[in-house]
Amino acid sequence: MLIVVYLIAITVEAMSGALAAGRRNMDIFGVAVIAFVTALGGGTIRDLVLGHFPIRWTQHPEYIVLVISAGLLTTVIARYMHHLKRVFLVLDAMGLIAFSLIGCSVALAMDYSIIVAIMAGMMTGICGGMLRDVLCNQVPLVLRRELYASVSLVVCVLFIGLRELGIDTDLNTALSFAGGLTLRLLAIWGGWKLPTFSYQQRWD
Amino acid sequence: MLIVVYLIAITVEAMSGALAAGRRNMDIFGVAVIAFVTALGGGTIRDLVLGHFPIRWTQHPEYIVLVISAGLLTTVIARYMHHLKRVFLVLDAMGLIAFSLIGCSVALAMDYSIIVAIMAGMMTGICGGMLRDVLCNQVPLVLRRELYASVSLVVCVLFIGLRELGIDTDLNTALSFAGGLTLRLLAIWGGWKLPTFSYQQRWD
Amino acid sequence: MLIVVYLIAITVEAMSGALAAGRRNMDIFGVAVIAFVTALGGGTIRDLVLGHFPIRWTQHPEYIVLVISAGLLTTVIARYMHHLKRVFLVLDAMGLIAFSLIGCSVALAMDYSIIVAIMAGMMTGICGGMLRDVLCNQVPLVLRRELYASVSLVVCVLFIGLRELGIDTDLNTALSFAGGLTLRLLAIWGGWKLPTFSYQQRWD
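Chains as they are written, first to last, in UniProt numbering: chain A, 1 to 204; chain B, 1 to 204; chain C, 1 to 204.
These aren't lab readings, by the way, just hints derived from the structure by calculation.
Bear in mind the structure is a predicted one, so any value in this text is a computation, not a measurement.
Just so it is clear, CB atoms sit at the ideal spot from N, CA and C, and this is done for glycine as well.
Here are the in silico distance ranges between beta carbons for each label pair:
| no. | chain 1 | residue 1 | chain 2 | residue 2 | range |
| --- | --- | --- | --- | --- | --- |
| 1 | A | V76 | B | A174 | 36 to 44 Å |
| 2 | B | N137 | A | K193 | 21 to 29 Å |
| 3 | B | K193 | C | K193 | 37 to 45 Å |
| 4 | A | H82 | B | L171 | 49 to 57 Å |
| 5 | C | L2 | B | R23 | 37 to 45 Å |
| 6 | B | I77 | C | K85 | 34 to 42 Å |
| 7 | B | S113 | A | G166 | 33 to 41 Å |
| 8 | C | P61 | B | S113 | 35 to 43 Å |
No more than 25 Å apart at the CA atoms, straight line, and that leaves these computed lysine to any residue pairs for SDA-like:
| no. | chain 1 | residue 1 | chain 2 | residue 2 |
| --- | --- | --- | --- | --- |
| 9 | C | K193 | A | Q201 |
| 10 | B | K193 | C | R202 |
| 11 | A | K193 | C | V65 |
| 12 | B | K193 | A | I28 |
| 13 | C | K85 | A | T196 |
| 14 | B | K193 | A | A78 |
| 15 | A | K85 | B | T196 |
Chain B residues, not near chain A, derived (Cβ > 10 Å throughout):
| no. | residue |
| --- | --- |
| 16 | L7 |
| 17 | R23 |
| 18 | P54 |
| 19 | R56 |
| 20 | I64 |
| 21 | R79 |
| 22 | Y80 |
| 23 | V87 |
| 24 | V90 |
| 25 | S105 |
| 26 | V106 |
| 27 | L108 |
| 28 | A109 |
| 29 | G161 |
| 30 | L175 |
Let the hints inform the model, and build the full structure from the sequences given.
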């Protein structure tokens, strides 16, 4: 089940990357690059940091084809996509959570400590979007937007907590997934934000 | 032969990095850093993603010395360099192609699949320039410029296609090189560009 | 001794990251991310490039807790911090030097060549700040500021030179530390800068 959600997730992330590339007037090659980086960059950074070789996508050519196709398709259907805004937000939330759970699992399977597993889950969830924004020359959205990265944190903590309690992995995945999705949708619906830290003082 | 072209390539890339640093008024240390990252960053990212340790340049101190020297030399001769614009563009094209071919070969020697080899070639070819632009706080040029990254793709596909046909590696390298160089020079000459994707709609 | 300085160093770097995040009005999650990346990003890049797995911080959960706590604490005490500017600058200088010495040592322990050890020291010293600035969408300060990255270079060269002369490691560390700190403080005090390279010519 998580695999299906994962495939939907990288597709949706690729599309969000393609739209960001379009906002910078990139050519279609740039669109493909940003789509790829947005969808698979988070997992790549996780695998690098955990020393988990070979990197996951290098063993799954179908992921590469999928995300690049999704990116290029987006250039054609972009004009109609805002009608699907709500569907898109839900799929994006599901992707964020799937990424986080997969990241946690990879780290735990490699016997990393709990805190590193949480970091790995969050890296998988948010680094793709951070790379997208850096390549599009803007401050990463995930560091400023309404509860997004925090959802990833909550999902990872919930998953690891239930695991420590000895809950069966499948049930645990389902519960963490449902909990994270509920939180994210509530956050979108209510416009929940974390407090912001503003600091304008110059020391020089 | 490819080694000589490679050394020219990293020199030229280092110089392009130094000029980009100059546009941002960096100090000479910054110039050295950007020269290094532009010239050797693409190969570094390729080696990281393929899990190819030790990273190539760590075994070749002479590359480090070469690219930093080229970067610093550029600060002295920059004012005369625009006279050499055409030479520079040709050398840059040769470098892009050499990088791509080397990247492909490294991945194939590690038994990665064809599609990963193509990705590795492109990463080697374009990631150095992307890192340069990110560090200089601009949207990567390679994602917007006239046929550049696409030349890398064509070269990789050509090289791997001929290899599948059983063509001898030396001949294959020469043919792919010539094909890529022709395409790149035609693209510069004709100002060929890929179609651009513009998307200005905000969803919020 | 170097461990204590190292812990102070990552705390100070985390705080500088948090202030940079505050200048971009990030939420507290973003503050934690930037604090983490600034403090531990340099060592991460060094470990990746050297192929030194597992990455150091993944084995030290206390580092993760420390830097994130320091980042979050900064949001509370930021308004008083400019009174401590001088203390902060000295601690920051000590951190830069500790990072550089640790980076050198890691590379030497892995039998990398001298020039790679120098690069490793500098990567540890300056890459955290570079990542911080890239994520905050500005040209890295270390590439433009008064003698900073160069201090890292001097420390690495000094440390390796004394090591080649057969000086005992503890004495060597103390001497390199003192030398680097003196240089950095003199540079701040005198406003020493490297010459800048400005290049505004467009070729297009």
